[in-house]
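Chains as they are written, first to last, in this note's numbering: chain X, 1 to 253; chain W, 254 to 463.
Read the hints as simulated data drawn from the structure, not as lab findings.
A quick note: this is a predicted structure, and the numbers were derived from the prediction, not measured.
Do not rely on the hints blindly, as some may be mistaken.
In silico BS3-like links for lysine-lysine, alpha-carbon gap of 30 Å or less [unchecked claim]:
1) Lys442(W) x Lys59(X)
2) Lys391(W) x Lys26(X)
3) Lys391(W) x Lys442(W)
4) Lys59(X) x Lys391(W)
5) Lys26(X) x Lys264(W)
One letter stands for each residue in the lines below.
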Amino acid sequence: MNCEEFQTMVGDLAREQIMEVRVRTKALVHGASCVDCAQTLAEERSLRVGLRSLADGMKSLEAGPRVEAQLLAAYRNRIDFKPALVHSHRWLYWVGAAAAVLLVVFGVVAMRGRVASPPRQEAREIVKPVESPQSPLLKDQFASVVAPRDTPPRTFSNPKPPRVKSSKAPSRSTVAAIAAASNNNEIATDFFPVGDVSALNLQDGGQLVRVELPRSALARFGLPVNMDRANQRVKADVLVSADGLARAIRFVQ
Amino acid sequence: MAKPDSQTDDKLLKLMLAGDEEALTTLYRRRQGSVYRFALQMSGSPALAEDVTQEVFMVLMRDGGNFDPARGSLNSFLLGVARNHVLRRLERDRFYVPMDDDSENEAAASGFSATSPFKSDGPLDDVSRTEMIESVRKAVLSLPARYREVVVLCDLQEISYAEAAGVLGCAVGTVRSRLHRGRALLIEKLRPAREEDSTVADVKSERCFA
Numbered sequence: 001m002n003c004e005e006f007q008t009m010v011g012d013l014a015r016e017q018i019m020e021v022r023v024r025t026k027a028l029v030h031g032a033s034c035v036d037c038a039q040t041l042a043e044e045r046s047l048r049v050g051l052r053s054l055a056d057g058m059k060s061l062e063a064g065p066r067v068e069a070q071l072l073a074a075y076r077n078r079i080d081f082k083p084a085l086v087h088s089h090r091w092l093y094w095v096g097a098a099a100a101v102l103l104v105v106f107g108v109v110a111m112r113g114r115v116a117s118p119p120r121q122e123a124r125e126i127v128k129p130v131e132s133p134q135s136p137l138l139k140d141q142f143a144s145v146v147a148p149r150d151t152p153p154r155t156f157s158n159p160k161p162p163r164v165k166s167s168k169a170p171s172r173s174t175v176a177a178i179a180a181a182s183n184n185n186e187i188a189t190d191f192f193p194v195g196d197v198s199a200l201n202l203q204d205g206g207q208l209v210r211v212e213l214p215r216s217a218l219a220r221f222g223l224p225v226n227m228d229r230a231n232q233r234v235k236a237d238v239l240v241s242a243d244g245l246a247r248a249i250r251f252v253q
Numbered sequence: 254m255a256k257p258d259s260q261t262d263d264k265l266l267k268l269m270l271a272g273d274e275e276a277l278t279t280l281y282r283r284r285q286g287s288v289y290r291f292a293l294q295m296s297g298s299p300a301l302a303e304d305v306t307q308e309v310f311m312v313l314m315r316d317g318g319n320f321d322p323a324r325g326s327l328n329s330f331l332l333g334v335a336r337n338h339v340l341r342r343l344e345r346d347r348f349y350v351p352m353d354d355d356s357e358n359e360a361a362a363s364g365f366s367a368t369s370p371f372k373s374d375g376p377l378d379d380v381s382r383t384e385m386i387e388s389v390r391k392a393v394l395s396l397p398a399r400y401r402e403v404v405v406l407c408d409l410q411e412i413s414y415a416e417a418a419g420v421l422g423c424a425v426g427t428v429r430s431r432l433h434r435g436r437a438l439l440i441e442k443l444r445p446a447r448e449e450d451s452t453v454a455d456v457k458s459e460r461c462f463a
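Sequences and hints are given; from them, build the entire structure.
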């Protein structure tokens, strides 16, 4: 046995802990032959004696009778409301469990309703071919699905059902939907093409955006304008393609 | 029905939680000593030790249902609660400095009496033993808390390493290593006093490499 091994067990040796006889004998032999280790063992034993003396000196110490009296008083008071305390804990537990179950059921129902509901066919309609003097070729491209006048505007030419965005900031389509939903009794013209329109632009989807324009803008699309009210503004839905450009417009009243 | 004195701690606890005041009294009288001494040895303050003892049994009255006999003895549970309260109080009171630093008054205040339990060979022997014990007490109190608690539990309360590990919520190996370190620190702190008293000439020793 070397000093390092001796140091690891000198505490147990001094405390007279149970250990193998062979190991104990080796340790004692080493302690007898090494001055430093012998001193360490002597110090440990001396410390052991000191600690034991301290423990013995404090063995009779106890808390004062005041503590017991206060505890008993508290115990007597506590017994009265203890069952109510336990009951309230149980009540909270059951309320929490019921709330959790309701939350799960509600979530499952909501998810199933969302998954099971097919895309609203009634919300889609074939837009009448736009009879515009500017672009007769738009009949084909506007044969795609476009939101009707009396339903909230939605993205079009997208076979998937619309996704609900988790973002709190309202998107443009959301704003348009809100605007349209608040004006279900509006009367709208057909869509008029704006700028260069091709079928490719509309296949990627788009959005309807509610804007206000000067009434004089009606004349640009061949619609009659009352010059007395030319300065007033008129509402319009602008069809914006995925690339951000306005592709068509309809006027709303 | 058996007398409360002869019943186990677990049984007494159940009776106490069921409203048996006598069970509380028996349990308190059986276990308050070790809790009080542990708090006193950790803090050196009888007032704090009494407060902690009271708080520990209040916790037992309130949350005694949480005690699981499979995880350890009730004594370990109580010492664990006491340890938490002592450490909290020491942390809270560390900014306060005791006004009276006189060792005799301090020892008297702690309720410690070195003379009674020992055989006395004479007045000088009493004095030296008292001084020695007092120096050990001070050395223990000056240890860092993590070492002090294992020294108090294993050397002063004389509980097993496993039980101490249960009280402290750590591994047995951790208890052993902390105890080893704590004892080394104690020897270091007590060495100057002993060297001063020593009349034996210092012998220069060489490290053994055997």
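Hints, verified against the model:
1. Lys442(W) x Lys59(X): holds (24 Å)
2. Lys391(W) x Lys26(X): Not satisfied, since the Cα-Cα distance of roughly 35 Å exceeds 30 Å.
3. Lys391(W) x Lys442(W): OK: Lys391(W) and Lys442(W) at ~9 Å, within 30 Å.
4. Lys59(X) x Lys391(W): OK: Lys59(X) and Lys391(W) at ~17 Å, within 30 Å.
5. Lys26(X) x Lys264(W): Cα-Cα ~47 Å, so violated.
Comparing the model with each numbered hint stated earlier shows that hints 2 and 5 do not hold.
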